[in-house]
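Colleague: For reference, the chains in residue letters:
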Amino acid sequence: MFNELISGLQFVFQPYAFLMMSFGVMVGIIIGAIPGLSGSIGIILLMPLVYRMDSNVAMVMLCGLFCGSMFGGSVAAILLNTPGTPSAAATVLDGHPLARQGEAGKAIGVAAISSFIGGVVSTICLILIAPELAKVALKFHAADYFSLAVFGLTIMASASGKNMLKGLMSGAVGMLIATIGTDPIVGNSRFTFGSGYLLNGFNILPVLIGVFAISEVLMTVRTQAADATIQEQNVRNFFPSFKEFKGFFWAAIVGGLIGVFIGIVPGTGGAIACFLAYNVIQRLSKHPERFGQGSLEGIAAVESSNNGTTGGALIPMLTLGIPGDVVTSVMLGALTLIGVKVGPLLFTNNPDTVYTIFAGMLIIQFLMLGLGLFYARVAPYVLKISQKILMPVVMVLCIIGAFTLSNNLYHVYVAMGFGVFGFFMKKYGYPAAPLVLGVILGPMAEQNLNRALTISRNDWSVLVTRPISLSFLILSVALIGIAIYNAAKEAKKNQETTDVVA
Amino acid sequence: MKKLVALLLALMLGLGAFAALAEEYPSKTVEATVPWSAGGGADIVFRALAKVFPKYANDQQMVIKNVAGASGVTGVVEFLLNASKDGYNILHWSNAHVSKTHMTKVDYDAYSFDMVAQICESANYLLVPADSKWNTLQEFIDEAKANPGMISLADAGVGGGNNIAAELFAEAIGAEFNLIHYAGGADEVTALLSGEVEAAICNTPEGMTNVDAGQLKILVSFASKPFEHYPDVPLAIDAGIEEIKDLVIEQWRGVVVQKGTDPAVIEKLAAILEQCVADEEFINTLKEQQVVARFRGTDEFAAFNEAEDKRFENMIKTKGLGDRY
Numbered sequence: 017m018f019n020e021l022i023s024g025l026q027f028v029f030q031p032y033a034f035l036m037m038s039f040g041v042m043v044g045i046i047i048g049a050i051p052g053l054s055g056s057i058g059i060i061l062l063m064p065l066v067y068r069m070d071s072n073v074a075m076v077m078l079c080g081l082f083c084g085s086m087f088g089g090s091v092a093a094i095l096l097n098t099p100g101t102p103s104a105a106a107t108v109l110d111g112h113p114l115a116r117q118g119e120a121g122k123a124i125g126v127a128a129i130s131s132f133i134g135g136v137v138s139t140i141c142l143i144l145i146a147p148e149l150a151k152v153a154l155k156f157h158a159a160d161y162f163s164l165a166v167f168g169l170t171i172m173a174s175a176s177g178k179n180m181l182k183g184l185m186s187g188a189v190g191m192l193i194a195t196i197g198t199d200p201i202v203g204n205s206r207f208t209f210g211s212g213y214l215l216n217g218f219n220i221l222p223v224l225i226g227v228f229a230i231s232e233v234l235m236t237v238r239t240q241a242a243d244a245t246i247q248e249q250n251v252r253n254f255f256p257s258f259k260e261f262k263g264f265f266w267a268a269i270v271g272g273l274i275g276v277f278i279g280i281v282p283g284t285g286g287a288i289a290c291f292l293a294y295n296v297i298q299r300l301s302k303h304p305e306r307f308g309q310g311s312l313e314g315i316a317a318v319e320s321s322n323n324g325t326t327g328g329a330l331i332p333m334l335t336l337g338i339p340g341d342v343v344t345s346v347m348l349g350a351l352t353l354i355g356v357k358v359g360p361l362l363f364t365n366n367p368d369t370v371y372t373i374f375a376g377m378l379i380i381q382f383l384m385l386g387l388g389l390f391y392a393r394v395a396p397y398v399l400k401i402s403q404k405i406l407m408p409v410v411m412v413l414c415i416i417g418a419f420t421l422s423n424n425l426y427h428v429y430v431a432m433g434f435g436v437f438g439f440f441m442k443k444y445g446y447p448a449a450p451l452v453l454g455v456i457l458g459p460m461a462e463q464n465l466n467r468a469l470t471i472s473r474n475d476w477s478v479l480v481t482r483p484i485s486l487s488f489l490i491l492s493v494a495l496i497g498i499a500i501y502n503a504a505k506e507a508k509k510n511q512e513t514t515d516v517v518a
Numbered sequence: 012m013k014k015l016v017a018l019l020l021a022l023m024l025g026l027g028a029f030a031a032l033a034e035e036y037p038s039k040t041v042e043a044t045v046p047w048s049a050g051g052g053a054d055i056v057f058r059a060l061a062k063v064f065p066k067y068a069n070d071q072q073m074v075i076k077n078v079a080g081a082s083g084v085t086g087v088v089e090f091l092l093n094a095s096k097d098g099y100n101i102l103h104w105s106n107a108h109v110s111k112t113h114m115t116k117v118d119y120d121a122y123s124f125d126m127v128a129q130i131c132e133s134a135n136y137l138l139v140p141a142d143s144k145w146n147t148l149q150e151f152i153d154e155a156k157a158n159p160g161m162i163s164l165a166d167a168g169v170g171g172g173n174n175i176a177a178e179l180f181a182e183a184i185g186a187e188f189n190l191i192h193y194a195g196g197a198d199e200v201t202a203l204l205s206g207e208v209e210a211a212i213c214n215t216p217e218g219m220t221n222v223d224a225g226q227l228k229i230l231v232s233f234a235s236k237p238f239e240h241y242p243d244v245p246l247a248i249d250a251g252i253e254e255i256k257d258l259v260i261e262q263w264r265g266v267v268v269q270k271g272t273d274p275a276v277i278e279k280l281a282a283i284l285e286q287c288v289a290d291e292e293f294i295n296t297l298k299e300q301q302v303v304a305r306f307r308g309t310d311e312f313a314a315f316n317e318a319e320d321k322r323f324e325n326m327i328k329t330k331g332l333g334d335r336y
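In order, the protein sequences belong to chains A and B. In this text, residue positions in the first sequence follow our numbering: the first is 17, and each later residue adds one. In this text, residue positions in the second sequence follow our numbering: the first is 12, and each later residue adds one.
Bear in mind the hints are in silico, worked out from the structure with no lab data behind them. Do not rely on the hints blindly, as some may be mistaken.
Dumping the calculated SDA-like pairs for lysine to any residue here, alpha-carbon to alpha-carbon at most 20 Å [to be verified]:
hint : chain 1 : residue 1 : chain 2 : residue 2
1    : A       : K505      : A       : D515
2    : A       : K357      : B       : I229
3    : A       : K400      : A       : R116
4    : B       : K66       : B       : V244
5    : B       : K116      : A       : N204
6    : A       : K357      : B       : A314
7    : B       : K76       : A       : L61
8    : B       : K330      : A       : D199
9    : B       : K156      : B       : N189
10   : B       : K279      : B       : Q72
11   : B       : K116      : A       : F207
12   : A       : K443      : A       : L184
13   : B       : K328      : A       : L35
14   : A       : K155      : B       : Y241
15   : B       : K62       : A       : S71
16   : B       : K66       : A       : P200
17   : B       : K116      : A       : P200
Hey, can you work out the whole structure from these sequences and the hints?
Modeller: Right, dumping it as structure tokens:
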């Protein structure tokens with residue numbers, strides 16, 4: 017095994033391969049940073065290049081893009097309060113508050129380091145125990161997906177920040193939005209008002225762009241002077257101190273492992289992993305009250321988990337030919353286009369390709385760390401640009417991002433619409449992160465519940481007899497229980513204080 | 012005299028230009044709208060077509076424009092509204108688009124465009140795990156008939172090609188399956204491998220890498236010709252089972268243009284496509300996906316389109332799928 021790994025490393029260090037790999041990482045970070053462009057769109061944009069390349073070089077370039085985009089999303093999330101990709105949706109929770117405190121550089125630095133740690137953890141899992149972990153992918157049946165979605169939805173409560181009720185309402189609206197379109201079970205149209213465009217419902221990306229980015233632009237226009245800039249930035253200090261590093265290191269490791277696990281499960285990806293990791297780390301943290309105010313552990317958890325999904329999603333793809341998430345499914349298409357037969361026989365028929373990927377993933381993490389720290393040094397200067405220049409630029413990028421989705425103005429209109437909606441949400445204090453969760457998890461829960469019941473012929477017990485499903489349901493109940501208990505305690509405490517005062 | 016010469020010259024130029032217009036198609040790039048996302052089955056076939064297109068089309072390129080959404084509806088609607096009638100905008104057309112028109116009310120139907128030609132077809136087939144209890148098709152059919160609604164059979168989405176194939180199969184053998192809808196072929200294969208469903212109706216190349224690896228096996232193919240890669244897989248029409256001896260279910264793709272395009276242009280385009288479909292490179296690229304290059308000319312394709320349209324309409328009405336009827 018080590019021999020093959022060495023030859024993989026030799027291949028990857030060849031000038032052309034190394035250049036393309038670095039190119040992939042760099043393009044990935046940039047694409048990730050632009051709101052509305054995600055890793056999958058990045059792969060599609062690079063298709064013309066991929067078409068003409070040697071397949072091994074193409075593979076490492078695409079992997080570089082994949083990993084880079086996962087980190088890149090955090091840059092926009094921290095600087096502009098907008099996740100650059102859905103996988104960075106939870107980075108805004110702690111990343112932007114840090115930027116408002118003048119510590120944008122450190123936030124991006126922590127994001128880069130955590131992405132690195134998450135990527136390394138997932139690559140090690142990929143190299144050492146891929147076949148065993150692939151079996152996990154096959155253990156998930158519809159009932160388990162449903163319970164996972166339910167668990168994800170209960171996390172809404174903790175992603176809501178201070179006002180849980182508003183957060184839950186936001187999440188419910190997200191689920192409602194997700195029902196628009198074609199029902200996957202009988203093919204009925206729901207809320208489509210006869211429009212051919214609405215038959216597809218709303219894609220998550222324009223919703224994200226609208227609710228986060230465009231609403232932010234509108235909010236800034238309304239509340240700030242044209243020459244204002246976000247808080248003066250401490251640009252010298254982008255590298256966390258050793259003490260800080262010790263503080264968030266454990267969060268990065270745990271986040272990375274959660275990311276690997278979620279990445280392996282087909283049909284789930286960075287977006288779900290990031291919220292899950294955020295919630296878990298918050299529960300385990302010694303300082304849970306700092307979450308939402310600029311906790312480094314919070315950023316570490318999110319960024320390491322979304323990079324953890326990269327290696328995780330490659331596991332079922334390379335061992336079974338099944339993509340682990342959205343980006344890997346587009347990657348699979350791109351590889352098929354250039355004639356790489358990705359499937360269970362890849363290990364036996366093309367071991368050199370497999371080990372090239374392993375070696376590539378390892379080196380990519382270091383490239384990403386280097387580039388990421390460079391961005392941490394340089395990117396905060398963006399915040400020095402006055403709003404009257406920055407906001408229009410952001411707006412243009414959003415429109416481009418929304419348009420790229422399908423070369424069609426429909427998504428741009430959707431993004432604009434959600435921008436206005438998001439503006440009112442911000443104005444009245446409704447958090448946006450639960451909305452994203454609702455949009456992603458609502459359909460997952462509905463389709464899988466339906467599927468589980470169809471397979472079991474309306475036998476509901478399948479939800480509790482399957483061990484994985486049962487575990488997630490118990491966790492969900494426990495989470496809700498804890499949330500209610502905490503809320504009751506808060507209320508009692510407030511009651512006591514008012515009693516004392518009175 | 013001068014006026015006469017000028018008039019004659021003008022006439023000659025005019026005639027020459029007119030002749031040149033028809034002869035010179037294509038004289039610029041042709042844009043093909045593919046209503047599916049890049050990397051998918053439709054995209055792969057059309058990119059293979061675009062690769063060989065310049066050879067037979069005065070060195071003009073074909074560029075692919077992906078407009079994905081709503082199982083093909085978004086792209087078709089956009090083409091309907093924006094495409095020109097001069098043959099420089101062409102549209103991917105397949106059985107999936109036809110069946111979609113019967114699932115929901117959309118702004119077009121199977122006859123909204125002018126048919127040009129069919130370019131390929133791919134087989135539907137029945138996949139089961141390699142270690143499943145059924146070794147032959149007969150065993151499967153017998154158990155399906157004996158236990159209506161018990162065998163779980165996966166398809167790739169309600170109203171889609173695999174779903175309709177499953178319904179046609181069930182109807183032919185007079186059995187009832189527990190149909191489970193997934194969001195695509197890859198999800199069906201995952202479900203088979205994880206043991207969630209017992210069987211799946213798939214379309215090439217879904218699951219084929221797993222068949223090669225010995226994890227899944229094909230019980231029957233509904234194509235009109237045997238698989239080149241799997242010569243031992245029986246065809247429904249050859250299996251010796253009475254009920255399915257006429258059952259051919261394939262997914263097909265072709266090219267259409269806006270209604271009202273000049274018939275001379277359509278004829279030229281069809282001729283170019285015929286050469287593309289016969290091209291070695293095209294045939295081999297499709298073979299990688301187990302897709303068969305198949306040409307049906309303008310009239311034949313139009314008739315085939317109508318026949319398929321009626322077949323789907325009938326099936327969807329009977330089973331009450333979707334919400335158009």
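Colleague: Verify the proposed pairing of K66/B with V244/B, using a straight-line Cα cut of 20 Å.
Modeller: violated, 36 Å
Colleague: Quickly compare the C-alpha distance for K330/B and D199/A to 20 Å and report which way the hint goes.
Modeller: Status holds; Cα separation ~16 Å.
Colleague: Given the hinted pair K66/B and P200/A, is their alpha-carbon gap at most 20 Å?
Modeller: violated, 42 Å
Colleague: Taking only the CA atoms, is the gap from K443/A to L184/A under or equal to 20 Å?
Modeller: holds, 17 Å
Colleague: Tell me if the straight-line CA distance from K279/B to Q72/B falls inside 20 Å.
Modeller: holds, 15 Å
Colleague: K400/A and R116/A were given as a pair; does the straight-line alpha-carbon distance stay at or below 20 Å?
Modeller: Given pair K400/A, R116/A holds - Cα atoms ~12 Å apart, limit 20 Å.
Colleague: Would you check the hint for K116/B and N204/A, treating anything up to 20 Å between C-alpha atoms as holding?
Modeller: holds, 10 Å
Colleague: Sort out whether I229/B lies within 20 Å of K357/A, counting only the CA atoms.
Modeller: Satisfied, since the Cα-Cα distance of roughly 19 Å is no more than 20 Å.
Colleague: Assess, step by step, whether the Cα of K505/A is no farther than 20 Å from the Cα of D515/A, and give holds or violated.
Modeller: The given pair, whose Cα atoms are some 15 Å apart, holds under the 20 Å limit.
Colleague: Can you confirm whether the C-alpha distance between K116/B and F207/A stays at or below 20 Å?
Modeller: Given that 20 Å is the threshold and the Cα spacing comes to 13 Å, the pair holds.
Colleague: Run the distance test for K328/B versus L35/A: straight-line Cα separation, threshold 20 Å.
Modeller: Violated, at roughly 57 Å.
Colleague: Taken at face value, is the distance from the CA of A314/B to the CA of K357/A at most 20 Å?
Modeller: Roughly 36 Å separates the two Cα atoms, so the pair is violated.
When the structure is compared with the earlier hints, violations turn up for hints 4, 6, 13, 14 and 16 and for no others.
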